[in-house]
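Student: Once you have looked at the hints, place chain W on chain R.
Chains as they are written, first to last, in the UniProt record's numbering: chain R, 1 to 428; chain W, 1 to 428.
Keep in mind the hints are simulated off the structure, nothing from the lab.
Where hints are given, some of them may not hold.
As the list makes no split between identical chains, a pair holds if one copy fits it or if it spans any two.
[To be verified] Below, simulated SDA-like cross-link-like pairs (lysine to any residue); rule was C-alpha separation at most 25 angstroms, straight line:
id: 1; residue 1: LYS144; residue 2: GLY119
id: 2; residue 1: LYS112; residue 2: ARG361
id: 3; residue 1: LYS144; residue 2: THR122
id: 4; residue 1: LYS398; residue 2: SER385
id: 5; residue 1: LYS20; residue 2: ASP52
id: 6; residue 1: LYS281; residue 2: ALA337
id: 7; residue 1: LYS31; residue 2: LEU60
id: 8; residue 1: LYS144; residue 2: VAL116
id: 9; residue 1: LYS144; residue 2: GLU123
id: 10; residue 1: LYS210; residue 2: ALA14
id: 11; residue 1: LYS20; residue 2: HIS108
id: 12; residue 1: LYS144; residue 2: THR117
id: 13; residue 1: LYS20; residue 2: ASP49
id: 14; residue 1: LYS398; residue 2: ASP280
id: 15; residue 1: LYS20; residue 2: GLY109
id: 16; residue 1: LYS31; residue 2: ALA63
id: 17; residue 1: LYS31; residue 2: ALA206
id: 18; residue 1: LYS144; residue 2: ASP105
id: 19; residue 1: LYS110; residue 2: ALA295
id: 20; residue 1: LYS192; residue 2: LEU60
Protein chains: 2
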Amino acid sequence: MGIVVQKYGGSSLADADAIKRVARRIVEIKKAGNDVVVAVSAMGDTTDDLYDLANGVSPLPPAREMDMLLTAGERISMALVAMAISDLGYTARSFTGSQAGVITDAVHGKAKIIDVTPGRITEALGEGHIVIVAGFQGVSADTKEITTLGRGGTDTTAVALAAALEADVCEIYTDVDGVFTADPRIVPSARKLDRVSYEEMLELAACGAKILHLRCVEYGRRYGIPIHVRSSFSRLEGTWVVDDPARDETAQGETVEQPIIAGVAHDRSEAKITVVGVPDKVGEAARIFEALADAQINLDMIVQNVSAAATSLTDISFTLPRSDGQTAMTALARIQAEVGYDKLLYDDKIGKISLIGAGMRSHPGITSKFFAAIASAGVNIEMISTSEIRISVIVDEKDVDDAVRSTHTAFDLDADEVEAVVYGGTGR
Amino acid sequence: MGIVVQKYGGSSLADADAIKRVARRIVEIKKAGNDVVVAVSAMGDTTDDLYDLANGVSPLPPAREMDMLLTAGERISMALVAMAISDLGYTARSFTGSQAGVITDAVHGKAKIIDVTPGRITEALGEGHIVIVAGFQGVSADTKEITTLGRGGTDTTAVALAAALEADVCEIYTDVDGVFTADPRIVPSARKLDRVSYEEMLELAACGAKILHLRCVEYGRRYGIPIHVRSSFSRLEGTWVVDDPARDETAQGETVEQPIIAGVAHDRSEAKITVVGVPDKVGEAARIFEALADAQINLDMIVQNVSAAATSLTDISFTLPRSDGQTAMTALARIQAEVGYDKLLYDDKIGKISLIGAGMRSHPGITSKFFAAIASAGVNIEMISTSEIRISVIVDEKDVDDAVRSTHTAFDLDADEVEAVVYGGTGR
Numbered sequence: 001m002g003i004v005v006q007k008y009g010g011s012s013l014a015d016a017d018a019i020k021r022v023a024r025r026i027v028e029i030k031k032a033g034n035d036v037v038v039a040v041s042a043m044g045d046t047t048d049d050l051y052d053l054a055n056g057v058s059p060l061p062p063a064r065e066m067d068m069l070l071t072a073g074e075r076i077s078m079a080l081v082a083m084a085i086s087d088l089g090y091t092a093r094s095f096t097g098s099q100a101g102v103i104t105d106a107v108h109g110k111a112k113i114i115d116v117t118p119g120r121i122t123e124a125l126g127e128g129h130i131v132i133v134a135g136f137q138g139v140s141a142d143t144k145e146i147t148t149l150g151r152g153g154t155d156t157t158a159v160a161l162a163a164a165l166e167a168d169v170c171e172i173y174t175d176v177d178g179v180f181t182a183d184p185r186i187v188p189s190a191r192k193l194d195r196v197s198y199e200e201m202l203e204l205a206a207c208g209a210k211i212l213h214l215r216c217v218e219y220g221r222r223y224g225i226p227i228h229v230r231s232s233f234s235r236l237e238g239t240w241v242v243d244d245p246a247r248d249e250t251a252q253g254e255t256v257e258q259p260i261i262a263g264v265a266h267d268r269s270e271a272k273i274t275v276v277g278v279p280d281k282v283g284e285a286a287r288i289f290e291a292l293a294d295a296q297i298n299l300d301m302i303v304q305n306v307s308a309a310a311t312s313l314t315d316i317s318f319t320l321p322r323s324d325g326q327t328a329m330t331a332l333a334r335i336q337a338e339v340g341y342d343k344l345l346y347d348d349k350i351g352k353i354s355l356i357g358a359g360m361r362s363h364p365g366i367t368s369k370f371f372a373a374i375a376s377a378g379v380n381i382e383m384i385s386t387s388e389i390r391i392s393v394i395v396d397e398k399d400v401d402d403a404v405r406s407t408h409t410a411f412d413l414d415a416d417e418v419e420a421v422v423y424g425g426t427g428r
Numbered sequence: 001m002g003i004v005v006q007k008y009g010g011s012s013l014a015d016a017d018a019i020k021r022v023a024r025r026i027v028e029i030k031k032a033g034n035d036v037v038v039a040v041s042a043m044g045d046t047t048d049d050l051y052d053l054a055n056g057v058s059p060l061p062p063a064r065e066m067d068m069l070l071t072a073g074e075r076i077s078m079a080l081v082a083m084a085i086s087d088l089g090y091t092a093r094s095f096t097g098s099q100a101g102v103i104t105d106a107v108h109g110k111a112k113i114i115d116v117t118p119g120r121i122t123e124a125l126g127e128g129h130i131v132i133v134a135g136f137q138g139v140s141a142d143t144k145e146i147t148t149l150g151r152g153g154t155d156t157t158a159v160a161l162a163a164a165l166e167a168d169v170c171e172i173y174t175d176v177d178g179v180f181t182a183d184p185r186i187v188p189s190a191r192k193l194d195r196v197s198y199e200e201m202l203e204l205a206a207c208g209a210k211i212l213h214l215r216c217v218e219y220g221r222r223y224g225i226p227i228h229v230r231s232s233f234s235r236l237e238g239t240w241v242v243d244d245p246a247r248d249e250t251a252q253g254e255t256v257e258q259p260i261i262a263g264v265a266h267d268r269s270e271a272k273i274t275v276v277g278v279p280d281k282v283g284e285a286a287r288i289f290e291a292l293a294d295a296q297i298n299l300d301m302i303v304q305n306v307s308a309a310a311t312s313l314t315d316i317s318f319t320l321p322r323s324d325g326q327t328a329m330t331a332l333a334r335i336q337a338e339v340g341y342d343k344l345l346y347d348d349k350i351g352k353i354s355l356i357g358a359g360m361r362s363h364p365g366i367t368s369k370f371f372a373a374i375a376s377a378g379v380n381i382e383m384i385s386t387s388e389i390r391i392s393v394i395v396d397e398k399d400v401d402d403a404v405r406s407t408h409t410a411f412d413l414d415a416d417e418v419e420a421v422v423y424g425g426t427g428r
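Pulled out of the complex, with its shape left as it was, chain R reads as follows (with noise of 0.2 angstroms):
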């Protein structure tokens, strides 16, 4: 008998039939034997709701008070199962972050979970309950305040609960299938992933995949949780994210020990902003990320060209979440004076493809490939950033979705037949 953790996002949990189908979900692993505990989002729109609520009354609301009022999604959706489980003939017993020992930093609204107690927990399940717990929240550890892990938070809530009980497996149930090569959306004929590792997952994450929160896929790789992605709407086997992913090997058109590459991600929000006729000296480029990173912004792909003799003069391009652009700006403007630097340029209209796979570690030629594959769909490279397992571009925004196919398909990663899935990314 083990212990099972799952995660139900708000999609799954969107109205009263929906919360009863995950009940008799979490039911059947509970007569297979095991002990089950489950990490819930608040329903559907209710996140929308309150922050909503909290708009009407205040323009900007304090943050210990907005986490104050999110937790309460996740203590109505968690009640809500359990009482749909006693409906079933179980025994289920909700507990709040707070009351599962999920301990945080004081940062509200993207607190880091930093210990999980799970003593209530352990007490419930030795006494035969289904345990149900509100994701995306914890308590402080010095100040017991009520604190928010930020968006995706539940995925994370999951897997540290997952770590903290040694369970076997950490499922998150979401609104589609499993992680993919490609979003299908864009590109019909992806293919899920029956495994992929950690740090593919990662670099997935990070690069747009919406399917599972980053911090969720850390805390995972760091207690070698296997994490099970799967649809709460279907039967089907999901994506393993694990160790070491023996990934079917014929799918991706190689017979070598381990297949190079996971999949295929794209990213529209990013922008990216380019210093013109920066002096060519030591420490200018570094007077400007102190001015970036004073003003709390968080680089994404960076790119110095090499200066020209005979000016002395460089441009640095980097990319950056559009939603930083404006104070990205405002503090570059402020030490032009100082650098000495010609002008600032601002692109928001760029994507980012990434090609991403452990394998592409040993294998020569991956890049090439990739570039070749994205010059026969006649879209121009403006940026390139490479990793032990990713290489990424930066294109066209308007050329993102013709870059991505024609790379999925020169990787081999097409299906032969397309499943029908819809992909979106999960709630908090």
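Tutor: Just chain W now, kept in the frame of chain R:
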């Protein structure tokens, strides 16, 4: 600088505008140099909405989970009130019942407060914050489970906090101007009472006046907390519930030391059961009331006719909440053979009229004047019960309004001018 505890019900927190109005009111008290602690109910219809959600997933939800669900309502409203206060330039900290130290027994759905340990409240007040507390809820002493106090519980939360904090006053804000000599919907000339004693208020609450929760008044009396019942929609002084009510005597048409009558209450929520032909032997009546007690039924008035010597049979009548009628009839039917009574009569078309006043203790003739007033309205009295400061009669339900009006006039309670109010219940 004193401590003021306020309570706002759901009708005072119906929407964003109402919440902002409440916030301004709270800030005024703070500005005047007081420490302010506010207990809030759930917004408007939130509680009903949560009940609907629960019924959607389970016909008989477990009480523990029902409490978990319902307490989300106050969590939402307290966070919103705190936000609205911060928008006015003041700082507020909201606390759940558990965080506020409201310790209860473990009876879900109708828990009783057994202690208040307001350490976090005192600390927050010391830091200059306004404190908002979720009403209606607490945490059980031993099991650390979330509990609710039942309908009207937020009144009790407020008074309990006032007692624990040794507050100067507990202000109960509602949607009427105070406590009236009768329900103004029935008696348009009813007057607002400036002051009323705890004892009288207890009798009024027990006899159908829905303005204050019974347990709230009991708590106030035990700890000597002055309770000020007033409207959140006006600036008028309301009704003070205090130990020694120096009511305005002339308005009562009396010039004695203490006015005789506080008001006339009525109640249409009871039913009457008559057990006909009970053998007039020792123990038979006890067996009947034992069966009712076993069925957890609270009886109100009880009347036993003197038996006719010829038959040695007696009739026993009692009143009880209509909602318990079916349960009581079933319990009694089960013991018919054992007790040997003749038959049961059930009547849920009754009403109770109660005349309440601490002064009636020392005034003979009140009873006869009361009965005469009812007779003059052409109304027949079916049952009578009295206490030190109350006389209650049971009449036909259709005669309730006439009997109340006639009594109100007979005791000179009518105001010279009709005060424009709508008399309604408080939230929870």
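Student: Hint by hint, say whether it matches the structure.
Tutor: Tested hints:
1. Both within a single protomer and between protomers do LYS144 and GLY119 lie at most 25 angstroms apart by alpha-carbon distance, with minima of 17 angstroms and 13 angstroms respectively.
2. Neither within a single protomer nor between protomers do LYS112 and ARG361 lie at most 25 angstroms apart by alpha-carbon distance, with minima of 32 angstroms and 66 angstroms respectively.
3. For the identical chains of this complex, LYS144 and THR122 are neighbours both inside a copy (22 angstroms) and across copies (15 angstroms), given an alpha-carbon limit of 25 angstroms.
4. Proximity of LYS398 to SER385 under the C-alpha cut-off of 25 angstroms is restricted to the intra-copy arrangement: shortest distance 20 angstroms within a copy versus 85 angstroms between copies.
5. Taking the shortest Cα distances, LYS20 and ASP52 sit within 25 angstroms of each other only across copies (15 angstroms), while inside one copy they are farther apart (27 angstroms).
6. Taking identical chains as interchangeable, the C-alpha atoms of LYS281 and ALA337 lie at most 25 angstroms apart only when both belong to the same chain, with a minimum of 15 angstroms there against 107 angstroms between chains.
7. With identical chains, the CA atoms of LYS31 and LEU60 are at most 25 angstroms apart between copies only, with a shortest distance of 22 angstroms across copies and 48 angstroms within one.
8. Within a single copy, LYS144 and VAL116 get their C-alpha atoms as close as 14 angstroms, and across copies as close as 18 angstroms, so both meet the 25 angstroms cut-off.
9. Taking the closest pair of Cα atoms, LYS144 and GLU123 come within 25 angstroms of each other both inside a single copy (22 angstroms) and across two copies (13 angstroms).
10. In this assembly of identical chains, LYS210 and ALA14 lie within 25 angstroms of each other by CA distance solely inside one copy; the values are 19 angstroms within and 37 angstroms between copies.
11. With identical chains, the CA atoms of LYS20 and HIS108 are at most 25 angstroms apart between copies only, with a shortest distance of 24 angstroms across copies and 32 angstroms within one.
12. Proximity of LYS144 and THR117 under a CA criterion of 25 angstroms is satisfied in both settings, with 14 angstroms inside one chain copy and 16 angstroms between copies.
13. Within a single copy, LYS20 and ASP49 get their C-alpha atoms as close as 22 angstroms, and across copies as close as 18 angstroms, so both meet the 25 angstroms cut-off.
14. Taking CA atoms no more than 25 angstroms apart as the test, LYS398 paired with ASP280 passes in neither setting, with 34 angstroms inside one copy and 96 angstroms between copies.
15. Taking the shortest alpha-carbon separations for LYS20 and GLY109, only the inter-copy value of 24 angstroms comes in at or below 25 angstroms, while the best intra-copy value is 30 angstroms.
16. In this homomeric assembly, LYS31 and ALA63 come within 25 angstroms of each other (Cα to Cα) only across copies, at 24 angstroms, whereas the closest approach inside a single copy is 42 angstroms.
17. For a Cα distance limit of 25 angstroms, the shortest separation of LYS31 from ALA206 qualifies neither inside one copy, at 37 angstroms, nor across copies, at 49 angstroms.
18. Proximity of LYS144 and ASP105 under a CA criterion of 25 angstroms is satisfied in both settings, with 10 angstroms inside one chain copy and 23 angstroms between copies.
19. Within a single copy, LYS110 and ALA295 get their C-alpha atoms as close as 17 angstroms, which meets the 25 angstroms cut-off; across copies the closest is 51 angstroms, which misses it.
20. For the homomeric pair LYS192 and LEU60, neither the shortest alpha-carbon distance inside one copy (42 angstroms) nor that between copies (41 angstroms) is at most 25 angstroms.
This entry does not satisfy hints 2, 14, 17, 20, going by the numbered hints stated previously.
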